[in-house]
Structures are given as C-alpha cells and as structure tokens.
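For the record, the sequence lines run as chains A and B. Final position of the first sequence in the working numbering is 491; the numbers increase by one with none missing. Final position of the second sequence in the working numbering is 477; the numbers increase by one with none missing.
Worth flagging that the hints you see were computed from the coordinates, not collected in a lab. Errors might be hidden in some of the hints.
To be verified - Below, in silico cross-link-like pairs of lysine-lysine (DSS-like), each with a Cα-Cα straight-line distance of 25 Å or less: (1) K237(B) with K301(A); (2) K95(B) with K231(A); (3) K394(A) with K8(B); (4) K186(B) with K480(A); (5) K227(B) with K162(B); (6) K447(B) with K480(A); (7) K475(B) with K401(A); (8) K419(B) with K480(A); (9) K394(A) with K95(B); (10) K394(A) with K7(B); (11) K401(A) with K107(B); (12) K274(A) with K81(B); (13) K227(B) with K218(A); (14) K162(B) with K480(A); (15) K401(A) with K7(B).
Just so we're clear, the structure is a prediction, and the values are computed from it rather than from any experiment.
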Amino acid sequence: MYDVIIIGAGVSGCAIARELSAYELRIAVLEKELDICEGTSKANSGIVHAGYDAKPGTLKAKLNVEGSRKMKALSQELDFPYRQSGSLVLCFDEAEIPKLVELKERGEKNGVPDLRILDREELISIEPSVGEKAVAALYAPTGAIVCPFGLTIALAENAAENGVEFHRGINVCDIQHAKQGYLVKTDQGEFETGVLINAAGVHADEIHNMISGYKMKIVPRRGEYLLYDKRVGGLVSHTLFQLPTALGKGILVTPTVHGNLLTGPTALDIENKEGVETSGEGIRQVQEKAALSVPNIPGKQVITSFAGLRAHIVEIQGRSDVEDFLIEEAEDAPGFIDVAGIESPGLSSAPAIGEYVAGLVMKILKPERKEQFISTRKGIPNMALASDEERHKLIQEDPKYANVICRCEMVTEGEIINAIRRPVGAVTTDGIKRRTRAGMGRCQAGFCNPRVVEILAGELSVDESEIRKSGVGSWYLTKSDGEEKGELHE
Amino acid sequence: MNKKRDLVIIGGGPAGMAAALAAYEKGIHDILILERDSELGGILNQCIHTGFGLHTFKEELTGPEYAGRYIDMINEKGIPSLLRTMVTDIKSGDPCVVTAMNKDMGLFQIEAQAVVLAMGCRERSRGAMNIPGYRPAGIYSAGTAQRYVNIEGRMPGKEVVILGSGDIGLIMARRMTLQGAKVKLVAEIMPYSGGLRRNIVQCLDDYHIPLKLSHTVTCIHGKDRVEGVTVSKVDEALNPIPGSEEYVSCDTILLSCGLIPENELTLEAGARMDDVTQGPVVNEHLETTQRGIFACGNVLHVHDLVDNVSKEAAKAGEFAAEYIHNKYSSWGEAVRPPIPEKTKCTLPEDRDMESQLICIGCPMGCLITAKKKEDGSLDITGNTCPKGEAYARSEMTAPVRMVTSFVYLQGGKDKVVPVKTAGEIPKEKIAACMEEVRNTIVKAPVKTGDILIANVADTGIDVIATGNADKGV
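From just these sequences and the hints, can you work out the full model?
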C-alpha cells in the first residue's frame, strides 16, 4: 500500500516526487518507458521562460514565474546545468511595437522583474548577430536556459535518495476505486495507493479517462528542432524569440547550456502520440524562420534534428481548448490529481508544479515532514569541464576517469559507469547520453556507440544484443553466430 | 616515463606510423606515438578487405596486413607508443606541450620539440544530412557497422539499406551479405558512385545488390528500431522528386556519405583551418600555422588511398625531423596539399554484362570487352595491363574471387581474428567458403599467415589469418 503513486516520470512527475519525498510518505513513480525523461521532457527548448507569455491570472502565469524564480537555487541544490542568459523577443515591424509593449505589461502583471524594451541600437549592442529586420525587442534578463534532462534526472535521483521508488518499463492498464484510494492495475501487477497523481504527459487523458467520467482529450502538438555544432554555439548569447506575426508564432534561436545552438520548434497538431518524427517541411520551416532572427546560421553545422510533443488539452468536461495547465483533483475522483496539459512553459514551471501539487497532497494526507530529508544531490563528475587539478583527483580515485569513450564530448568510462550505478541509473544508451552527453556530439555516437554498448552490457551483466537505445524494441545487435551456438565461452 | 621527447605523434594509424618511421630515418630517435585505441593500426584494423599496399608494397594486402607491416617496422626500431591514451590538448611553442591521459598514468604532460598530427577522419552523421523521420536504433555510419562486424564479430542488423556509395558503403554491402544479412539496395544521391568501379563489381554486382544512382533516403520509419525507409529519386539539383517515393522495409540503415578530417585538437591548438580541405592550413613542410605542429594523412585532407597517406605522412615525419634539427624560423607561405579528384564512377548504362567487364585488378577499374571468337578463343580489348587480360580470361571462363572475413577466437584478447583465402577461389564457392568460415572457432594465439582452415570448401585453397591474436588475460 502506497500513500502516493505518480504516473509518469517526466519533469512534472519527478518534481512532484522530489517535493513529496521530504515527507513521511511511501511513494512510487510508474513510468512506461525503460527510463525516466523519455517524453516531452526530453525534446523541448530547454528554456526557463521569464513569464510574460501567459495570461495574467492563469495557473500557467503563476507557476511559470514561480518556477523561473526557483530554478537557479534548485540548480545549485541539485547540481544541474542552468544559465541565466536572458531572453529577447524580437519585433520585425515598427507597427508591431505596441504588441511588444503589451507583452511587457502582461509580464509585469505576472510579476516578471526588470523587463525592458530595447530599440535596434540597444538590441545590436547586446546581441550583434540579429537580423536586419529586427527593429526592437523585449528584454527579459531573468530568462534562462537549463538542461531539461539534467533537471529531470536530478529531481528523480534526489527523490530516489529520499526513498521514492521508481518503477520503469511498466504500463498502467486500468485504475479502479479501492477501499482507501485507488487500485492501479499494470502489466506487472497491482499497486494500491491513497493518492494517485496523473503526470502522464500526452497520455494524461488516457489515464484520466480510466477513472473519471468527465472525459479529457489531449492532442499532441509536435515541435521540430535543429541542433547545431558547438562551433556555432556562440552565434547568439541570449534566447531569441520572435513576436508572433501574421505568419505564425515564430520560432526561437538559443544557445544551450552545453554550448550548442538550438532552433525550433514548429507547431503542428497531430494524432499519433508517439509521432516524434521530423519532416522535410518542418526542417525547412525552422531554417527559414530562424533566418529572420539570425541570418547566416550555417546549415552544414546541424548535428541532429528532433521533434517533441506538447500535451495540449483540447477538451475536459465539455470545455474546449483549455489554454492553461490543468492541475486539480478530479471532481468525481477524490484523491486523484491530474497534472495535465503541461505544455510550454512546463519545464520552467516544474519546480513550482512540484510544490503546488505537494500542497494539494498535504491537504489530503497531512503527512509529517521528514527529519532526515537529503535536500542536495551531486551530479556525475564532468571531465570535459573539470580543471586539470579536478581531473587529477578524479583519476586518482578511479583510473576509469582517464579512459575517454566519447571523443566529441570527452566523456570517460568513469562517468558512464557512474551514470549506470547511481539511483535511477541509466539502462539504455539514450539514458547514458542524457546523463553524460556521450553520443551527443558532432559524430552522433559513430565512435562511442560500440564502446557504450559494451560498458552497459558489462555493468548490467547481459549480452550486448540485450542493450537498447531507448524503447523495448530498439535493439542494436543481433546475437552473434558464435553466441547463438553457445560455443564462444569456455 | 620520459616526459621530454623530440617528437610526439598524435595517432597511431597509417599516417602516424609512417611519420614516425620517416623521422627515425632522419636521425630523430626520441619519438613517442600516442594512440587512443588498444593497438596501433588505426582504422586499417577494421578494414579486413584487400586493396591496400599496391603502391607501397607492390602487392595487394588487407588492412590489418598493411598495418601489421608498419607495426613490425615500428617495433624493429623500438619506437615507443602509449595505447588507450587520449590527447586532450596541444600547445604550440618551443617546446610544444601535449596533455594526455590514460588509465595507467592519469593526466600527464609531455614536452616535445615537434608534434605531428595524425588523428585521421570521421564519418558524416545522419544529423549532418538532415534526413527527416524518426530517430530509432539501427542507423549506423558504415564505419561503425564495420567495427561491429569486423572487430566485435557482431551483426548490427539483418535487412540493410545503404545510403551513399562511397567505398566503405560498398565494402560493407559485401561484408553484411557475407555475414548473412540481406542488403536491399544502395542509394546514391549523385548520378555517379563515390566508390571505385571495381568495388561496384565485386561488392554489389557479385551479390546482385542494386545500386540506385540519383536516389536518396527521404524518410526513416520506425520509432524503436528502423522498420523501413522511403527512397526517392532526385532531380539535377538533388531535390527529391515528388511522386517518386518508394518504401523499402529494412531494419538497418548504413550511411556512407563522406568523411571529415578530425580536427578538434588542431582547432584547440589555434591552427588556422582551410575550408576546402577541412584540415589545417599548412606550408610546404606540412607545418600548421602553429609552430612545430605538423599535420598529415586524413587529418590534413581526406585521402583516397592509404598508400598516399603513408607517402604524405613520411614527408611530414621528415619535415618534423628537419625542424627539430634546424629550428628554421621562416614559415613561408600556405600550400594546399594536392587533393585527389573525387572519384566519379559511372558504369556504361547499356553495358552488356556478358561481354563488358570491369577489371577488379586495381583501383583503375578498366572496362574490358571480351568476345568469344568462332574458334572458341577470346578476343580481349580495353585492358591496359596484362593483369586485365588475365582477369577477363578467367572472368569469361571460371570467375574467381578472394574472400576476406574473420573467424571467432576463443581465449583471445580480441573476439575475432581477420582472415583471407590464401588465393582466389571459384566465385560459386564463396557461399560454401563463408559457411565454413562462419562455423570456425579458433584458439588464441594466432599469428598472421597461420592456416586456420585447410582446403576451404574443397577448393584446394587455405584460409589464413591476416592479423595476430594474442591470448587473453
């Protein structure tokens, strides 16, 4: 019997788990993928929005500003990459400057500090690479960038350190009312819990509809991105948004916390909740629109393209197009809390979402705070960023930190093994990639893939043909001739 | 270990070894080679096919054999190397300072009078080509697949589509086929192949693998693992032609779409780069704009033949030696190394497969016409050397091929040992030969030249090792 079960180990689920792990509660997180951070949380802009976008008075506005305010301290507590680089909303038409002012006023209403309108001259002085057509910009110094994997994984690891159980690769099939709360039926047995939290991302409607009569429908809204080599990461120093024009919402150009350049996303409503493929049209759109903000982004320096799905609620309880996060106890299911429709600015809001949901749980369960809560977490050592003295020290402790596996990002065997052995550790090569950046560089794992597969197989004590990229079906190798005959091992 | 060296060489592949040997001949004996892999030889170790050494050794060798000859020479001279060692930084100066690390020594610095860069190149990735679709497992660069198959003895898939017809792609089409995979097609966006003509014959034609010129992959299907690709025809501007899409099911995509010099260290050392070669700018002495740092091989520009790499690297070694002796001060002017014209290999479209042959005797790939005369003898034209005539004669009567592969190793440091047939075997015996090779497991140690299967498939030809395999610990 659990006090709380959270369905979904994305950034929201993990933030809630971490927040609740400070209390005397028995908690489990159920994740359908083999690893955490596999849905929307892994494919997004990695932006901490300042908070001027959302309509004042909405939950989005409140949680975004709060989340943004908390993120820096959290990044220090939990040791994940974060940089307050500031953001700019570019305006390409004199006639539209009033819209920029409107955006500024909205931000001020939401409580965003230090917003300023810059004229072209001021804009050029802080961001020289912007295109000729940019006439003005809204500057938000509190805008920041964050590593979405780093954030999600740090939250999960810290939650696990404080006793939260993570069950990965488990599918929820049905939910029923139980004597005290809910019975969660999965493909791997049943779980009983007092409070059930639905943080299932684009699948949150399916989970919701298992228990509530007020039907929810989520439509995935796909966004495609292009990621560029670190060689051009310095092209911009702020996150550049575009003021929405007649042509649409516009796309962003931003540095990432790891020094790459990222452009995107497109926005297309689709049917398939697993539809994370990129398209020729999407890639073209990103390139064309990005060129408006920053001309001359060298196309040759693209190292990968990817797509993510935003969980957009189109219907709940008869209401259509909910333009807000839906975080509440379902009316006809006490103790069942939806955390749904967490589209942008979901990542920015995550720390606040965790706290907000914990507040809802407090009211229901009234738990005691733990005496021994571990509030900090140390990340995996990073040889690429370490000083020579730090490198010496790490290698002295474990010589595996001197064995470079991924040459592009300079990731060592020591870091990879560390990523596998820590709480909620990596079990797939994508898991290794998100925790250490091995395979994230310009050769896209061409060099390190065989080595990472070998290390994973060794650490998990399985044959290399058992190693997966991410999903259950994502095998790399067939069984070898000799392996099949069972003759290779003496 | 001595932390002061006359010459430090970054990379122990063909370029690094040739540079070391040439510098040694010029009187520089205090040399150290730094290599990140577990043995010298570089990428040659996974190139277990033949086709190397025609210029350097006047005979056709496999990659491991070619590397082996250089490794033997390095050992004879007693030139030391540090393996499993990654260089993290190079600073030019007098002396240059090279920072590196490995498990035994940790992080360390070496002062060197001169440095030769010989890090080789890497393959273009899928992302760099912007192929739309999902990002499943099963997309490999041809070289990664080659490593899996030839070094690890593992198969990265069963049904394969290859994008790009560079030589590595063609070679891998044959390798995957010999190891039991089905290669569905090779798609090449250009109207000509980027590989050698003889490789089209002996890697594709021999195994009835279609080569689709002016075609490219326009979508990758499958969320977890590759399930198929959309292949489209392209127009003259290389844009996909709507309506020409064709779905091909497969579980694996190999990319053979070009090589890029690997210049991370060169850039960090501050050397000026050449946009055309994608390697560093050098003077007539192959010295980069950073004093005392020389460059050669695929790090300087991508070469077509390893023999040319060795030749260029030997020069770099000599220049580095000269620099150490004299410390000349004037850099002179930039000289771009001669870049071989990119192979644009086309085959006559209306080629009569019966009588018009492509010679596989050397990289030239001469088009030879062989016609049976009334008296039963052959009329052979188009060959440019006696080898061509001999090839045509045998091809018309009893075609033969060399077979290269690996056999599994038991109790070895490595998982497999590369092998070849000691001579050519009848083409129709290839399948039977591979059946025996794939079913063979040998015990380490094995030495180059050891007979591992006698009289394979009753051909009278032995299968011999083309590399050494030590006992494992």
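Item to check | Indices of hints not satisfied (ascending) | outcome: 12
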